[in-house]
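Visitor: So the sequences go chain by chain: R and Y.
Each step along the first sequence adds one to the number in my numbering, with nothing skipped, and position 116 is 247.
Each step along the second sequence adds one to the number in my numbering, with nothing skipped, and position 113 is 1218.
Please keep in mind that the hints were generated in silico from the structure rather than gathered at the bench.
Wrong hints could be hidden among the right ones.
[What the hints assert, rightly or not] The following label-pair restraints were derived from C-beta to C-beta distances: (1) Y/G1160 <-> R/D171: 38 to 48 Å; (2) Y/R1165 <-> R/P273: 24 to 34 Å; (3) R/H178 <-> Y/P1129: 50 to 60 Å; (4) Y/D1175 <-> R/A202: 39 to 49 Å; (5) Y/S1613 <-> R/S310: 21 to 31 Å; (6) R/S311 <-> Y/E1133: 25 to 35 Å; (7) Y/Q1241 <-> R/Q259: 49 to 59 Å; (8) R/H178 <-> Y/D1175: 48 to 58 Å; (9) R/Q259 <-> Y/H1219: 53 to 63 Å; (10) Y/G1209 <-> R/D171: 18 to 28 Å; (11) R/N269 <-> Y/R1165: 16 to 26 Å.
[To be verified] Pulled from the structure, derived: some chain Y residues nowhere near chain R, Cβ distances all over 10 Å: (12) T1162; (13) D1180; (14) H1412; (15) E1514; (16) R1586; (17) P1589.
[Said to hold, decoys possible] Facing chain Y, from chain R, some residues (calculated, C-beta under 7 Å): (18) T219; (19) S310; (20) L320; (21) L324.
Note that the structure is a prediction, hence the values are computed from the model and not measured.
Note that beta-carbon positions come from the ideal geometry of N, C-alpha and C, so glycine has one too.
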Amino acid sequence: MPDQPNRIAEVIEASTAQFIAQCYELYELPPLGSLVKTGDIYGIVCHAETASMEPGRKPIARGKEEDSEEAVYRSSPQLSKLLRSDFTAAAVGYKEEEKFYQYLPPHPARIHGFVYLCQPDEVKEFSQSFGFLNILVNAALPIPTEELIAAALRQMSRAHEDSRAFLVAAGKELANLLSSDFIRLKNILGRLL
Amino acid sequence: MTDRLGIVTTASLEKGVDVRLDGPVSVEDMVVGRYVTIEGQKRRFFGMITDVSLGVTDDRLAVSPPDVTDPFIADVLTGTSTFGTIHVTPMLTIGGDAESMLEGPQPVKTIPAHFSTVNLASERDIELVFGQEDPQRFHIGNPLDMETKLCLNLEEFVKRSNGIFGKSGTGKTFLTRILLIGILQKSKAVNLIFDMHNEYGWQGTSEGGPPVKGLKQLFQSKVAVFTLDEENSRRRGVSTDFVVKIGFDEIEPEDIVLLRQTLNLTEPAVEAVYQLRRRFGKSWIQNTLDIEGAENTKELLESMNIHESTFQNLKRGLATIRRLPFIEPHAPVDAVRSILEHLDRSINVVLEFGRYRDITAYVLVANMLARRIYTQYQSRMEKAMAEGIAPPNPLVITIEEAHKFLNPEVSSQTIFGTIAREMRKYNVSLLVIDQRPSGIDTEVMSQMGTKITCLLDNERDIDSVLAGVSGKNELKSVLARLAPKQQALIFGHAVPMPVAFQPREYGSAKSYKDFTSAGQKTTTEKAEKDIEKLWE
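Next up, chain R with everything else stripped away, as it sits in the complex (with noise of 0.2 Å):
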């Protein structure tokens, strides 16, 4: 693999709303709500799972005899092998003619695209407008959308110098959103700190 530390995973499913991504290591998941790239596509990580490589064959206790749980991993090198970490990351928007749009892309990501993990500056320049906040509060999502939302702008508002600044300006764009549903707003707000 060449020495692209950004790049973390491969595509190996997608759809127009969100694509799903094996990662090269166990377990090297993105964080809940980070901001990922495929192509010209942008999507925020809105689950992961770990599971193994065959769905029939499941994993069975190993640890009763060791010391540590990075033990059970040395004295059975196989499992990093039969073992896969997969996340999903609900696509958030595009760059086109090195400009963002915050709307679901025109095409889904290609299978096999290589996915990378966005620096701070790429987060803080594609955060300057709020229209995926729109997108996330209506995604249909294996995990509650305040909880998502939530994580999202927290890991957004680490890029900004004014973070708090930020997350004003976040929460007001919600709670026009979310103008008529106030309790889904509080508890949005309450997990933004």
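Model the placement of chain Y on the given structure of chain R, informed by the hints.
Guide: For chain Y alone, coordinates are given in the frame of chain R:
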């Protein structure tokens, strides 16, 4: 700092405009009575804040309030889920094109479009609407919470009868002094002031402060003080110009009619007055009081169909009048003629009542003098019209306790009712000062041009002052929330739109200087102009 407040969300010509405030604008800075401008697509609107309220986007916010002690939550919610709204009553509009710019502000006939920007009115806006201080416009105060000078066009003001209202102790007298100075300086009109409490001519009192100067002290050459009570005036150190005495023979039956309530006269007694006047002529009071004891009393009364008890009732009343020290069988000098002479020389006349502050004396004297002066004005005006000569100086008569003269029972009989109704036909108008406007005949109230009102809290008084004004309900909320002192609402003929204002300062050395210097400037200007004309 930008003065942007928010945007128009809903509007109706009838009900006014609702404005959603922007996030950074604090609802607590919005005060009822303040001026705003609305930038419509084609025209600007001027309006007044008449209500302030809070809104939430989701009712659940009110049911389970967020934790606002967390500054983050408070920051996010302010201006988004929770917001302030103000209700604005648009009053004037000015079009965007050059032609309508020249026309100036017009009454509002439409409403601004959706989401028009709303700003706080700037000093320039206020000047555009009310004008700058000039030879006709007089600085009467500042709009609430603004530094701008609010100017009143006094030339327009004196063209109608006007009223100053407000509860006792709200600053009516101070306001009146300011207006009188304005009239004295900026218009051609002369004042005749029936000064019941001796407050306008010479030193007046201010609550909890040193005495304030009167008109005569500020404008020596333009004001004359007449008095009914020479002794009292002398004791107070007032330099009076004339002592008014009233002769019995000057009192007419109409004057007695007006005093019916205060003298406690019965209806037949009032009827009898006319009969006695017919019988005895000018000296009827003297003769009536002399009847007692004469042998033929009974016959005399029978011949006039006056019942004995009625006669006694009337006599008691007349005796009350006779006891007034300024009443004499025959007045040595004609007070009316002297007043008119002063007025003709453009000298304002303040008539002090001295110790005779009871309402009987005030009503009797004010009505009697005003009636005779009005008659003079009437004949002079008619003569002026017929012969094309200069009409007499416009006259403004100031009366206090106006409900005694203008209540529905007597307003049709007193001269003040006539003046209020006939308005400017004979160059005489009224400046009415009263604390119970609901006691004044509605017909008279409706004829008043400009009304200035300090705080009123009686529902009926508020209703009667605001009767017939558009946007009455909105103004009501402004009026009811005026500070108990030194704030007033002005609306009507002389102002383009209602405005709540704080009257300018009166009482400090600086304020006196401002008042007198403004006058001097105009007089020197006038003199220069006259000199120029001379050489043309």
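Visitor: Of the hints stated earlier, which fail here?
Guide: 3, 5, 8, 9, 10, 12, 13, 18
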